[in-house]
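**Q** Those sequence lines, one after another, are chains A and B.
For the first sequence, position 469 matches number 469 in the working numbering, and the numbering has no gaps at all.
For the second sequence, position 237 matches number 237 in the working numbering, and the numbering has no gaps at all.
To be clear, the hints were calculated from the coordinates, so they are not data collected in a lab.
As the structure is a prediction and not an experimental result, all values here were calculated from the model.
Glycine included, each C-beta is placed from N, C-alpha and C at the ideal position.
Hints should not be assumed to be uniformly reliable.
Just so you have them, the derived chain A footprint on chain B, three or more residues with Cβ under 8 Å [said to hold, decoys possible]:
1. 42-51
2. 56-69
3. 264-270
4. 288-301
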Amino acid sequence: MSLIHKTAAELGRLVASREASAVEVTQAHLDRIAEVDSKVSAFLHVDAERALEQARTVDERIANGDRLGPLAGVPIAHKDIFTTDDMPTTAGSKILEGWRPPYDATVTRRLREAGLIILGKTNLDEFAMGSSTENSAYGPSHNPWDLSRIPGGSSGGSSAAVASFQAPLSTGTDTGGSIRQPAAVTGIVGMKPTYGGSSRYGLIAFASSLDTPGPFARNVLDAALLQEAFSGHDEFDSTSIDAPVPPVVEAARQGDVAGLRIGVVKEFGGEGYQPGVLARFHETVDLLESLGAKVVEVSCPTFGYALPAYYLIAPSECSSNLARFDAMRYGLRVGDDGTRSAEEVMALTRAAGFGPEVKRRIMLGTYALSSGYYDAYYGQAQKVRTLISRDFEAAFHQVDVLISPTTPTTAFPIGERADDPMAMYLADLCTIPSNLAGNAAISVPCGLADEDGLPVGLQIMAPVLGDDRCYRVGAAVEKAFTDRWGGPLLSKAPAL
Amino acid sequence: MPYDEALERFEPVLGLETHVELGTVSKMFCGCSTTFGAPPNTHVCPICLALPGSLPVANVKAIESTIRIGLALNCSIAEWCRFARKNYFYPDMPKNYQISQYDEPLCTDGYLDVQVEGKTVRVEIERVHLEEDTGKSTHVGGATGRIQGADYSIVDYNRAGIPLVEIVTKPVEGTDRLAPEVAKAYVTELRELLRSLGVSDVRMEEGSLRCDVNVSLMPRGSSTWGTRTETKNVNSLRSVERSVRGEIERQAAILADGGRIIQETRHFHEDTGATTSGRSKEEAQDYRYFPEPDLVPIAPDPAWVATLKAELPELPSVRRARIQEEWGVSDLDMAAMHNAGAIGLVEATVAAGAPAADARKWWMGELARRANESGTALADLPITPGDVAKVTELVASGALNDKLARQVLEGVLAGEGTPEAVVEKRGLRIVNDEGELSAIIDQVLAGNADAADKVRSGKIAAVGALVGGVMKASRGKADAGRARELILEKLGVEG
Numbered sequence: 001m002s003l004i005h006k007t008a009a010e011l012g013r014l015v016a017s018r019e020a021s022a023v024e025v026t027q028a029h030l031d032r033i034a035e036v037d038s039k040v041s042a043f044l045h046v047d048a049e050r051a052l053e054q055a056r057t058v059d060e061r062i063a064n065g066d067r068l069g070p071l072a073g074v075p076i077a078h079k080d081i082f083t084t085d086d087m088p089t090t091a092g093s094k095i096l097e098g099w100r101p102p103y104d105a106t107v108t109r110r111l112r113e114a115g116l117i118i119l120g121k122t123n124l125d126e127f128a129m130g131s132s133t134e135n136s137a138y139g140p141s142h143n144p145w146d147l148s149r150i151p152g153g154s155s156g157g158s159s160a161a162v163a164s165f166q167a168p169l170s171t172g173t174d175t176g177g178s179i180r181q182p183a184a185v186t187g188i189v190g191m192k193p194t195y196g197g198s199s200r201y202g203l204i205a206f207a208s209s210l211d212t213p214g215p216f217a218r219n220v221l222d223a224a225l226l227q228e229a230f231s232g233h234d235e236f237d238s239t240s241i242d243a244p245v246p247p248v249v250e251a252a253r254q255g256d257v258a259g260l261r262i263g264v265v266k267e268f269g270g271e272g273y274q275p276g277v278l279a280r281f282h283e284t285v286d287l288l289e290s291l292g293a294k295v296v297e298v299s300c301p302t303f304g305y306a307l308p309a310y311y312l313i314a315p316s317e318c319s320s321n322l323a324r325f326d327a328m329r330y331g332l333r334v335g336d337d338g339t340r341s342a343e344e345v346m347a348l349t350r351a352a353g354f355g356p357e358v359k360r361r362i363m364l365g366t367y368a369l370s371s372g373y374y375d376a377y378y379g380q381a382q383k384v385r386t387l388i389s390r391d392f393e394a395a396f397h398q399v400d401v402l403i404s405p406t407t408p409t410t411a412f413p414i415g416e417r418a419d420d421p422m423a424m425y426l427a428d429l430c431t432i433p434s435n436l437a438g439n440a441a442i443s444v445p446c447g448l449a450d451e452d453g454l455p456v457g458l459q460i461m462a463p464v465l466g467d468d469r470c471y472r473v474g475a476a477v478e479k480a481f482t483d484r485w486g487g488p489l490l491s492k493a494p495a496l
Numbered sequence: 001m002p003y004d005e006a007l008e009r010f011e012p013v014l015g016l017e018t019h020v021e022l023g024t025v026s027k028m029f030c031g032c033s034t035t036f037g038a039p040p041n042t043h044v045c046p047i048c049l050a051l052p053g054s055l056p057v058a059n060v061k062a063i064e065s066t067i068r069i070g071l072a073l074n075c076s077i078a079e080w081c082r083f084a085r086k087n088y089f090y091p092d093m094p095k096n097y098q099i100s101q102y103d104e105p106l107c108t109d110g111y112l113d114v115q116v117e118g119k120t121v122r123v124e125i126e127r128v129h130l131e132e133d134t135g136k137s138t139h140v141g142g143a144t145g146r147i148q149g150a151d152y153s154i155v156d157y158n159r160a161g162i163p164l165v166e167i168v169t170k171p172v173e174g175t176d177r178l179a180p181e182v183a184k185a186y187v188t189e190l191r192e193l194l195r196s197l198g199v200s201d202v203r204m205e206e207g208s209l210r211c212d213v214n215v216s217l218m219p220r221g222s223s224t225w226g227t228r229t230e231t232k233n234v235n236s237l238r239s240v241e242r243s244v245r246g247e248i249e250r251q252a253a254i255l256a257d258g259g260r261i262i263q264e265t266r267h268f269h270e271d272t273g274a275t276t277s278g279r280s281k282e283e284a285q286d287y288r289y290f291p292e293p294d295l296v297p298i299a300p301d302p303a304w305v306a307t308l309k310a311e312l313p314e315l316p317s318v319r320r321a322r323i324q325e326e327w328g329v330s331d332l333d334m335a336a337m338h339n340a341g342a343i344g345l346v347e348a349t350v351a352a353g354a355p356a357a358d359a360r361k362w363w364m365g366e367l368a369r370r371a372n373e374s375g376t377a378l379a380d381l382p383i384t385p386g387d388v389a390k391v392t393e394l395v396a397s398g399a400l401n402d403k404l405a406r407q408v409l410e411g412v413l414a415g416e417g418t419p420e421a422v423v424e425k426r427g428l429r430i431v432n433d434e435g436e437l438s439a440i441i442d443q444v445l446a447g448n449a450d451a452a453d454k455v456r457s458g459k460i461a462a463v464g465a466l467v468g469g470v471m472k473a474s475r476g477k478a479d480a481g482r483a484r485e486l487i488l489e490k491l492g493v494e495g
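Could you put together the complete structure from these sequences and hints?
**A** As structure tokens, then:
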């Protein structure tokens, strides 16, 4: 098997045992990028030289007998919303075109410390606002299963890179489903850790109370290894949880569900869900029962209000977070001809630098926070948020994890929903509640929909700091399905 | 309208908003230094420049200082509160929102008692909250030095993110004609309180203490408040008083003419004492406050707050009362010392070993006179309480008399060194060498035979002229008391 088809865990082992060098592993992936990324457009920026330089350093350290982590020498694709002091960081926006941050995000720093090789930065919907990467100022990424379809979003470049074997691992951020939905529609694993479990420092903010960095991988164990590598308390993020990282790697290795109580969320399913998605989901429910889990239906009545609450809270926070892009200190500057006022330059720059979806959300949020409307919109949405957390708490008294389809449909064609924001927003229907409540949730592949042959994702939701449960159930499902399918789901993907 | 006339027709209502830059080592939400006067944009980092991705982390020391201020002002301390974002665009505010506090301030409902013309006025405190300062804009070109009409502006972000405490009074009513004095006394007392807490260097001229003065008038007999104005750029205690007086006169003139007060920010001009119109607040700006999601709520442990309360230093008003009793000083003298800013100096001088009466005598006498002459504050004279204590000690030991002591103080103020050094350099030590003194006396007795005879014959009063002669001959350095004894002894007369 070629290096690019190996798991991250295996690559780490090969590099550590010097059966393969980090340079070889890195070069193999750079070659794959050169071969296929013109079709996939997963990357906004690739720095082959820098990647090889990092790989050489890892090889030297291993040769010197340094004991590095399990992912040392493993290449990774990094979402272009994390700052990197050696590569540009755009957040998918024109307003940051060419900006080189003077500092590394905490996640970036920890990737480097773990010896991971950053190949480049991946495409995303502008400021992580979207479910398809079509809102990127640099054009959409493509789904490796069908290049005419979206790879999900906002972390669509990261899902596409991993699904097309350009990298074994990638980072993403999940604000309303931006890791789980792209993972689901590209047939890979994507995890949204507990809010505060991974640091937001250096993650360019969309919605501060929701944004959560997390891993993408082609299997559950790799995702756990990556999450472990960059998670944990960070003194630079006040909302970071000061507690040990849950035992995610152990859980991913354990992978059994015997005796576990699993709740099926009653509210997710039925009208609006693609039949092939529901068929694969129900099949998975049966599978879990056959593996010894006790499956019950659980009602979470407030989940139906999650989407509207999210579309008040997230835009409100974004309207404030994105105020700093004002042409004064960094990024794009438009209209500074020596005659215009600072205010005019700010307005012209923001008009030229932000795309339509970003502007739409800034407008929505500005409105929702305005005096006279605050209570009716932002205030009310926060109350809904509390109720959703209570629904989760009640549910987790009855069951250990909750499950649902990750998305109502498989990957839709590029362009299909681009002019229909409401249809686009529905892609995150099932994923948003966990962002509002801050709990852990993962998406793992559960088969292909009959009608289009495209991947379907299973979402597993666990309580706050119960990340290990997501991995435990995910690994069990993965093992059972891999046996049933005679190999990983991605082996069914068409060649690029 | 003249002040007296204005007060006959209207009653003023005051409000004071004071911003205090805390003297923490680092900024409110990052590790940058807060030192004043560094080259522009050298105390900055990704956080206080609001680079994409950066996040704030609250400075616990600043929270502690704010709680201590709240406790010293008799406020309730919130058990749980949050920071809020105040959203508006301005180039010197890097995030285009200010992290502040809105409906959940850290401290609420306190008071500060101030003394005005012998009466105690209680100024109620509405709230004390914590926020971050903005950068500093300099507008270049244009006539006014303000952003309108400037050719360009430059921004220094060193100040951006320095912790700022805002102290807001409730409306102060019933001050009547003493409104300007009450305003000044409040800021004076507050400044002293903050200084005693050691939370800020409270320098108005450097902007570490900034005061906005709100004034409105209501017609005598009415109980409905008028429209208020907010005067900014009030950069000294004297300006606080002047700006209130000026605003009362200005508003009274408009109201008396049947005009209407516009709710606005006004700008105080130190040189003329007048205010000019600034930003109108008629169309209230919508700051779209919401809880700051990047920061966890502040939930001070009640036990910690109790400890902070127990460890508060003696507050200035309490200290003054204690000192007054200990030193046995009259109300009038105490007020004079307070107004001259001498209490701390006298206290430090006493602590350095001087008797209270002597310390007070020098600071309120000779030194106050010199400070007055040179137009400096007493505390800014180039002399330490230790120097003054040394001088009192030299006088007490007989090495100096008062006249010489004044010359020593003059030398210290002129930068000639410590009191001992000045005594040495100027040769000011009292002549108490018996031989030298004796020689001088013999000389004087020889030259004043008449006076000597008078004394011998029992006219003791005539000894004064002889002592005067000795003092003159010694150029003031002789110990007059000892000289008198020796003269009488030499003339064989019993003193």
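**Q** Next, verify each hint and record whether it holds.
**A** Structure-based check of all given hints:
For the segment 42-51 of chain B, the assignment as covered by chain A holds, since 4 residues bring a beta-carbon within under 8 Å of that chain's beta-carbons and 3 suffice. Counting residues of the segment 56-69 of chain B whose CB falls under 8 Å from any CB of chain A gives 3; the rule of at least 3 is met. With a cut-off of 8 Å between beta carbons, the segment 264-270 of chain B has 0 residues touching chain A; three or more are needed, and the interface restraint is violated. Evaluation of the coverage hint for the segment 288-301 of chain B: fulfilled, as 7 residues show C-beta separations to chain A shorter than 8 Å, against a requirement of three.
Comparing the model with each numbered hint stated earlier shows that hint 3 is the single one that does not hold.
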